[in-house]
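Colleague: Single-letter residue listing:
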Amino acid sequence: MKSFLKVIKLHKNELDLINRATKHDREAQRLLYNMYAPKMLSVCRLYIKDLHHAEDVMLNGFFKVFKYLGSYLGQGSFEGWIRKIMIRESISFIRAKKDLVFSEADVALRQVPYNDVFSEIEVAEIQQVIDELPEGYKIVFVMYAIEGYTHQEIASELKISIGTSKSQLYKARKLLQKELEKLNKVNYGTK
Amino acid sequence: MEQNDFDEILKKKLDQRIIEPSSESWSRLSERLSKKVEPKRSKAYWWIAAACLVLGLFFGADVLKSSSFKEEKKTNKLVNYPNRSIELEVNSESQISHQEEMVVKIENPEEIKNEQTDLNVANNTKVRVFKGQERKQLMDNQVDKVFSENSHTGKLSFEEQKIQEVVAQVRELKRQQDTVSDADIDALLLNAQNAIAKERINNELSAKVDANALLKMVEGELDQSFRVKVLEAIKESYNTVKTAVAQRN
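The listed protein sequences correspond, in order, to chains R and H.
Residue numbers for the first sequence follow this note's numbering, beginning at 1 and rising by one.
Residue numbers for the second sequence follow this note's numbering, beginning at 192 and rising by one.
Any given hint might turn out to be false.
Distance condition first, Cα-Cα at most 25 Å in a straight line; then the derived SDA-like pairs of lysine to any residue [as the list claims (entries may be wrong)]:
id	chain 1	residue 1	chain 2	residue 2
1	H	202	R	52
2	H	389	H	355
3	H	203	R	22
4	R	84	H	195
5	H	204	R	170
6	H	203	R	97
7	H	389	H	351
8	H	426	H	376
9	H	365	H	257
10	H	226	R	72
11	H	202	R	38
12	H	204	R	80
Because the hints were derived from the structure by calculation, they are not lab data.
Could you build the full structure based on these sequences and the hints that come with them?
Modeller: Below, the structure is given as structure tokens:
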């Protein structure tokens, strides 16, 4: 019961912060930023290999969040709204670099380098494997598997056909599974 | 490994991940947000300033218009327009204030058939142009006014003055003696007639000398018309007195 009340209080605080941030209250904006920035940087990092670039993209995303905060009508979660902005911003960044190619050919993953802190950063390993995916594979996989987009939504967002989205996902999965299985073997082997 | 399980495992691991941004990230964002807000405010000020300017222009134009209209009322005056042989004439100050426009007399109205606008612009004055029948009526009124003024302050002719004098003298004699003899009347008439003749000669001498007039004066002929006028005046006066006495009794 206590925790339930706490959740309500937190929700009220968030709404209050959003209202204040809409009126350009810098302190409220800072609090919202501190609340969501670590999670959103993780989202951007899924798409963008370089952390500094990912942070730049995240800052661009938050700039748009605060700029268009008035257009958030409170329908759906605030986090989901920010997340979508971050994903779009990340895709725009990749498009601007002209790295986004949806190849139909099978692409072999390069050998994933292992580092000394492997046991601690399982997620980091996954991220490294994802980072080595071709941009087309990576984006479709992350959008579908991590963010929960449908193929139709991905096709619409990336302006590709649903078939391309499905094939990109299939190939991304195959490559990831292959590389992660290798990692598992190495992990078990080390243990 | 099933595809869904694979996706779920990756999702679960990646969803839990958080990456702390660099320490200066917020200050960078805050700086950008400040830059964003300031131009917006200044833009709003510009819009407000522009709106004020437009409103000011509207009100200014309105005030200017009304003040120039008032000035127009005050500055009605005589205007000459010699190049086009037009004379603008103001009847009187009071007339201007009531009519709030100028009365214009045009010697050659056909010359400015369609130039009323030009007059307004040139003189910055509201001008009313009288033509045809309207102009004639105006002129008649002016003439009537002139004659009515002369009737109040005008002088009687010398002959009329003499008639009045003779009538007054007869009345005086009647008042003093009750009866007036024919000899008295003849004497009065003769004096008056001589005075009239002298006056005529004086008037005529100022212009030119007339031998006939001199002859008439010497002969002392009475002017018949003058005699008749005096007798009629006396008769009228006598009847008036007689009626007054009868009413008193």
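Colleague: Given the hint that residue 426 of chain H pairs with residue 376 of chain H, test it: the Cα-Cα distance must not exceed 25 Å.
Modeller: holds, 12 Å
Colleague: With the threshold set at 25 Å, check whether the alpha-carbon distance from residue 389 of chain H to residue 355 of chain H stays at or below it.
Modeller: holds, 18 Å
Colleague: Holds or violated: residue 204 of chain H with residue 80 of chain R, Cα cutoff 25 Å?
Modeller: Distance of about 18 Å is within 25 Å: holds.
Colleague: Within a Cα-Cα threshold of 25 Å, do residue 389 of chain H and residue 351 of chain H meet the stated pairing?
Modeller: Roughly 15 Å between the alpha carbons, so the hint for residue 389 of chain H and residue 351 of chain H holds.
Colleague: Is the Cα-Cα distance between residue 84 of chain R and residue 195 of chain H 25 Å or less?
Modeller: holds, 22 Å
Colleague: Can the restraint linking residue 204 of chain H and residue 170 of chain R be considered satisfied, given a maximum Cα separation of 25 Å?
Modeller: Distance of about 20 Å is within 25 Å: holds.
Colleague: Starting from residue 365 of chain H, check that the Cα of residue 257 of chain H is at most 25 Å away, please.
Modeller: violated, 73 Å
Colleague: Taking 25 Å as the top limit, are the C-alpha atoms of residue 202 of chain H and residue 52 of chain R close enough?
Modeller: holds, 23 Å
Colleague: Does residue 72 of chain R lie within 25 Å of residue 226 of chain H when you go C-alpha to C-alpha?
Modeller: holds, 22 Å
Colleague: Mind checking the alpha carbons of residue 203 of chain H and residue 97 of chain R for me, to see if they're no more than 25 Å apart?
Modeller: The given pair, whose Cα atoms are some 30 Å apart, is violated under the 25 Å limit.
Colleague: Holds or violated: residue 202 of chain H with residue 38 of chain R, Cα cutoff 25 Å?
Modeller: With Cα atoms ~17 Å apart, residue 202 of chain H and residue 38 of chain R stay inside 25 Å; holds.
Colleague: Does residue 22 of chain R lie within 25 Å of residue 203 of chain H when you go C-alpha to C-alpha?
Modeller: violated, 32 Å
The structure is inconsistent with the numbered hints 3, 6 and 9, although it conforms to all the rest.
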